[in-house]
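Participant: One letter stands for each residue in the lines below.
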Amino acid sequence: MLKTRVIPCLDVADGRVVKGVNFVDLVDAGDPVEAAIAYNEAGADELCFLDIHATHENRGTMYDLATRTAEQCFMPLTIGGGVRTVDDVRSLLLAGADKVSFNSAAVADPDVVARAADRFGSQCIVVAIDAKTVAPGRWEIFTHGGRRSTGVDAVEFARTVIAKGAGEILLTSMDRDGTRAGFNIPLTRAISDAVSVPVIASGGVGTLDHLVEGVTEGGASAVLAASIFHFGDHTIGEAKAHMAAAGIPVRLS
Amino acid sequence: MLTVLIDYAAGNLHSAEKAFQLMAREVDGGDVIVSDRAEDVAHADRIVLPGDGAFPACMTELKGQTGLFDAMVESVETKGRPFLGICVGMQLMARTGFEYEKVPGLGWIAGDVRRIAPSDPSLKVPHMGWNDLVIDRPHPVLDGIATGDHAYFVHSYQMEMADPAHLLAHCDYGGPVTAIVGRDTMIGTQFHPEKSQAAGLRLIANWLTWSP
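Just so you know, the sequences run in chain order A and B. For any residue, its number in this note's numbering is found by taking its place in the first sequence, counting from 1, and adding 1. For any residue, its number in this note's numbering is found by taking its place in the second sequence, counting from 1, and adding 882.
Note that these hints are calculated values from the structure, not bench results. There may be inaccurate statements among the hints.
[Stated by the list, open to error] Pair by pair, the computed Cβ-Cβ distance ranges are: (1) 136(A) to 1045(B): 35 to 45 angstroms; (2) 210(A) to 962(B): 34 to 44 angstroms; (3) 989(B) to 2(A): 31 to 41 angstroms; (4) 236(A) to 908(B): 22 to 32 angstroms; (5) 137(A) to 1046(B): 51 to 61 angstroms; (6) 948(B) to 218(A): 30 to 40 angstroms; (7) 253(A) to 907(B): 44 to 54 angstroms; (8) 1045(B) to 210(A): 22 to 32 angstroms; (9) 135(A) to 1045(B): 47 to 57 angstroms.
[To be verified] Part of the chain B face toward chain A, derived, beta carbon under 7 angstroms: (10) 900; (11) 903; (12) 920; (13) 934; (14) 1001; (15) 1008; (16) 1036; (17) 1055; (18) 1076; (19) 1077.
[Unchecked claim] Stretches of chain B that chain A covers, calculated by requiring three or more beta carbons in the stretch to come under 8 angstroms of a beta carbon on chain A: (20) 1009–1018; (21) 1079–1086.
These numbers were taken from a predicted model, which means no experiment stands behind them. By construction, the Cβ of each residue, glycine as well, lies at the ideal position given by its N, Cα and C atoms.
All chains should be built: construct the whole structure from the sequences, respecting the hints.
Facilitator: Shown next, in the form of structure tokens:
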């Protein structure tokens, strides 16, 4: 049976792990490669690096970080942030990433998703959707770290990028990110029901019950969190034990 | 001893290279290189065909580099050099692929590659994540790997087996999904051993020391 994945996310800026509260007030939480090794040993199912400054500082992506992590962590690694072109995807895959996540670039030009999926396969193309609630039951895409409104409906956009060939959706609720108030369940459920591919729920995890809710109520195939793991509130093992106790299949070995 | 990972512009070669190099050091398995040169493949004692991507595109790339495809086929079919296909590299071992279009495979394993169709329609495709293996047949490369061990899968198509004698392991995803195939000097894994932590590294070490 396929297991529900628990994914610690390392937000990276200037080569260091940070975690913003609603994407401001960054707090330095360590060296990304060291953190990746620790999560590898703790039983994380995947790792995710997001280069949170890449888009608005126009920086390139994190080839060196991918390479050093892949040399020491034999587990799946997704990298996002500042990914704009098919060549960016190729470079990250060669450096050591297993999946590459588009964000703003896919909003500006959904066809870049098709070009990348045609070249490398849907299985390694993730589209990150950062959505804010604009009305009850309506969510809109925001880009550039949540600062820029696009007017694009999140559920429609999810359907569009899946049709273009995206293999997975990384869904972040900008209303909840950094709040520790739990996932935005209606948003997660709406996107999960709308697409045929796995959805990773992200944004707002404060307790282990939130992880359970993302799966049982939100319909997510994977749950992503940062703060509760980075600051030692809970281990990956505790998260999985809690999910298993709630009847969710997880990889415990 | 030289192991060559074939670079045909498909996939995560760096992590695969590092995993094979690490295990080669542990088991005294010689050198591991990544190469797209036919002469390196011709001289290789062991050949790994990795791969991420679509079946037709991967086959086109593999055949598009001068002499590479022929060198690989001669080493495996004529010289009997140990071969390991990973993910799409494993799928290319089949008779025929049906991803987007019908494309002939290497014809090494009696099976065809078709889209995964879980019996439960709520199951998502791609089949992505950790699934537990069911060992169907003992094999030296599975030494120390047991039913229940987890491996990391990410794929939308799978090899449907025509000859169960070539099936070494499967997993369940709304029906059986082929996980490991093998015949003579050839092994293929649908999952990524280089991403499957302990069980994956064990399989790589076993394969590097396997003398079929």
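Participant: Which constraints among the numbered hints does this structure fail? Numbers only, ascending.
Facilitator: 1, 2, 6, 7, 8, 11, 12 and 14
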